[in-house]
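There are 2 protein chains.
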Amino acid sequence: MQWNAWGAAESATPLSQNITDLLRSALGVTGHPRPAVAADDVALSPGRLTAADLDDLRAVVGDAYVSDAHADRLLRAGGKSTPDLLRRTAREQDAPDAVVLPGTDDEVATLLRWCSEHHVAVVAFGGGTSVVGGLDPVDGGLRAVISLDLRRFDRLVDLDEVSGVAVMGAGLTGPRAEELLGERGFSLGHFPQSHQFATIGGFAVTRSSGQDSAGYGRFDDMVVGLTTITPRGTLTLGTVAKSAAGPDLRQLILGSEGTLGIVTAVALRVHRTPTAAINEAWHFPDFVTGAHALRAVAQRGPGLGPTVLRLSDEAETGVNLAKPGAIADGTAPGGTLAITRYEGDAAACAARRELTADVLAAAGGTSLGSEAADAWEHGRFSAPYLRDSLLAVGAGCETLETATSWARIPDLRTAVTSALTDALAASGSQALVLCHISHTYPTGASLYFTVVYKMSSEIDPIEQWAAAKSAANDAIVASGATITHHHAVGVDHRGRLDAEIGSVGVEILRAVKQALDPAGILNPGKLIP
Amino acid sequence: MQWNAWGAAESATPLSQNITDLLRSALGVTGHPRPAVAADDVALSPGRLTAADLDDLRAVVGDAYVSDAHADRLLRAGGKSTPDLLRRTAREQDAPDAVVLPGTDDEVATLLRWCSEHHVAVVAFGGGTSVVGGLDPVDGGLRAVISLDLRRFDRLVDLDEVSGVAVMGAGLTGPRAEELLGERGFSLGHFPQSHQFATIGGFAVTRSSGQDSAGYGRFDDMVVGLTTITPRGTLTLGTVAKSAAGPDLRQLILGSEGTLGIVTAVALRVHRTPTAAINEAWHFPDFVTGAHALRAVAQRGPGLGPTVLRLSDEAETGVNLAKPGAIADGTAPGGTLAITRYEGDAAACAARRELTADVLAAAGGTSLGSEAADAWEHGRFSAPYLRDSLLAVGAGCETLETATSWARIPDLRTAVTSALTDALAASGSQALVLCHISHTYPTGASLYFTVVYKMSSEIDPIEQWAAAKSAANDAIVASGATITHHHAVGVDHRGRLDAEIGSVGVEILRAVKQALDPAGILNPGKLIP
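Heads up: the sequence lines are chains A and B, in that order. Quick note: the first sequence uses UniProt numbering, first residue 1, plus one each step. Quick note: the second sequence uses UniProt numbering, first residue 1, plus one each step.
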């Protein structure tokens, strides 16, 4: 992961002529490059740990696993939201005071005790892909911040092939997890857009949801057990998938974003590597018709439908399928595109495809064959690279997401699209707002928005986006939707959490926080209002 | 619900000659009737609420909805475990000091404030079907106990037919909930053995799991939202099925057994009334082969299999299918019986049946057609009535349940069966231990045990069973299985909860309890160690 851009430098995606033309014609983006800053030219906030502190930390994890080097601190100074990337162009940046890489549960426990006693905040770091400010080096009034990097928890600890349960280290990245499972003939099936860099622990504590969620469920659905190191001791949860032994405390750790403890291992439901797959795209005349069709599939029964089930709205379909001139002059092909993909054994794939095709056709869909679905699959992890190229030419680009019940989906899409368009217009920028449904349930679905606009030359671009994001959040809260379906809360949604869980809900979180982390060292300023 | 027996008196199930013969030949139960006690002959613990207290309570809910009448107190004095039923033969019994029936959330909130201020414990009461002591009138050192009966929360508050979400009052019984939904063309699909009497709120706070769980999920899977009245205020949770807005606090209330708040309404996923169903029974040569077959179905993918999926072990199959003489002399037909039932639309049922039949046949199963599955369906709610008849002739009968990963299922069944058999043998009683799998997941399954034995004439029958139950619990904990898959914790499993969630887990529960119920009025002595 690069410190100031997504992913691996060699995978950078230059803008095609089509996109460059579209930016100019639709949004007036003329391609003035924005100034970047070299890593060495960034002045980081001065380190606040003493030599004695650093010696203490080295005594816990070993000399090789503590660093206050510029490059190490810089990498862990933030996540990968657009505001994060915009902040990365500044000459002065906040950063954790040191990076510590423990290798065992005992070392994590010792670190948490030391930090509690020495008033040092702890920000857990996995793949560095947070898009909600979850990695901001907030000290919460303590005297310093360490970044606790979990990359050494990188083992497939155990695989029960009979039960289909894998215990995986929290620091395993998505691809490495799949690689280790694949060697044994298994797969996890969790493929969010962050898949190539994000980690098992990060997926857990942010309630990540992957593109194959229709088939394999969200990450939190896959979790059987968790090992969590807290300042009060180790919490080992999960003897079996489901139990009636009181409240399900796993569900407190899932989504806890490093504020309640450090997750070091996760026991996960895995499945045999699929032996067959079918890709198929569908056309619907409009978004609402398409959404009704997806609803019919989801409500027929979980598991009978596709593994991947997505629907782009008219705008997103147009951008993906049309030539740019056609977008600008309104002659893009009408309608909306849905992607389906089935994975499993051949007989089950065929049966599910047939049942689903019947539902989609009856609901007004037309099969387009596999081509557009293959193209989606090919580019499924590449969008964040495109954003870097857009930002580099002065086009603002960010995503946000929410979820609601099926009955409210059409109005929620309209409300958020309008809020974003209006707020950016108020700052003088025309915006292109694209939307898709990417996660479906019998009772509702997620909406994922992508916004592209000309960054203002008059307003601080961070403030310009903040106003648009705030307007979108207002629309989401007013619609009774969730403030986040799979990106988590972090800093960015923390101010809206009370609207979602109420003051009694916030009291519960604070009580658990106080019980597990009485010194308040764990990821201060995130999640809990 | 009768005060000292299951269900409705008119549904009592006399023992057949076959069963009577089996009891005599296999267990030496010769049918000496056990003494019962008439309701009017029971001396209840003296009421501890003053006239002023009762006036206060009446001021909150109205005169008609407060009672300290003998019959009202007696009914709420306990649940329906075998120890509960044995206790109900005593001349002196503990009971709540009064029964209060609020009709609104505000009344519940006012009651909880009054009870907090006046040091009175509150035991929530739904259908009265707890089998883990969840309704015991424990005062927790407070000066009295009220039973808070939720039967007036009996409305289908809202039905979103598009999203398939029903908001249901906590006091609705299973059949009434289905009736109200059925009038609108919907069904919940939650059919535990307690279905005919238990309530929506009870299902939620005990994490109930119904016989159709393979198709419709456990009750906690169905919950979209909850309204919970706590002494600290109202907690309203659940805007959408799934969210990443922090920990899922719904999962703290689910399974909370009345210790954290009073659930008054639950938003639930519902589905269109099925238009087709297929019943089919299967034979397997032995339990382990059958369990592998169920595993193969569950691991192929949720939703592709049956709505109901069960497997009886050799002993249970023998009792259900054989003539009693054959059990006694070992000539009962060998092998094990599995029940499948598919519900949905005709096309989906047919496809799921075909996919499943292929898996079951490949795993060594032989289809027996529908007859045995129809018989199971016909008697699906009747077992508790049979227990009353068994107890009446001096045959001890109780059930218990657990769950574990697939790899551990065979050993767990053996360990629990042996523990029960040995413990009852030590008390001088031969036992018949029957077992079935009734809830399956990709990673594991539940085991449900039924024990029938001759009640000792020398030991207190409550103590005789307690020793057997304790031995079973030891075996469950030693196997790393869950102490309860769907019966909840209550009083009976409270001493084992720390083995399951550890001391840090217990600390979390205590912290949440302290935050929501600082006076400790809510169901003291249950769940939280």
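These are calculated hints, taken from the structure and not from any lab test. Glycine is no exception: its CB is placed at the ideal position from the N, C-alpha and C atoms. There's no promise every hint is true.
Stated by the list, open to error - Pair by pair, the computed Cβ-Cβ distance ranges are:
| hint | chain 1 | residue 1 | chain 2 | residue 2 | range |
| --- | --- | --- | --- | --- | --- |
| 1 | A | G182 | B | S367 | 32 to 38 Å |
| 2 | A | A478 | B | S367 | 42 to 48 Å |
| 3 | A | G182 | B | T366 | 32 to 38 Å |
| 4 | B | D345 | A | S16 | 43 to 49 Å |
| 5 | B | E354 | A | G185 | 54 to 60 Å |
Right, here's what the structure says about each hint:
1. A/G182 / B/S367: 32 to 38 Å: Holds, since A/G182 and B/S367 (Cβ atoms, about 36 Å apart) stay within the stated range.
2. A/A478 / B/S367: 42 to 48 Å: violated, 55 Å
3. A/G182 / B/T366: 32 to 38 Å: Taking Cβ atoms as reference, A/G182 and B/T366 lie about 36 Å apart, which means the hint holds.
4. B/D345 / A/S16: 43 to 49 Å: Cβ of B/D345 to Cβ of A/S16: about 45 Å, so the range 43 to 49 Å holds.
5. B/E354 / A/G185: 54 to 60 Å: violated, 26 Å
This entry does not satisfy hints 2, 5, going by the numbered hints stated previously.
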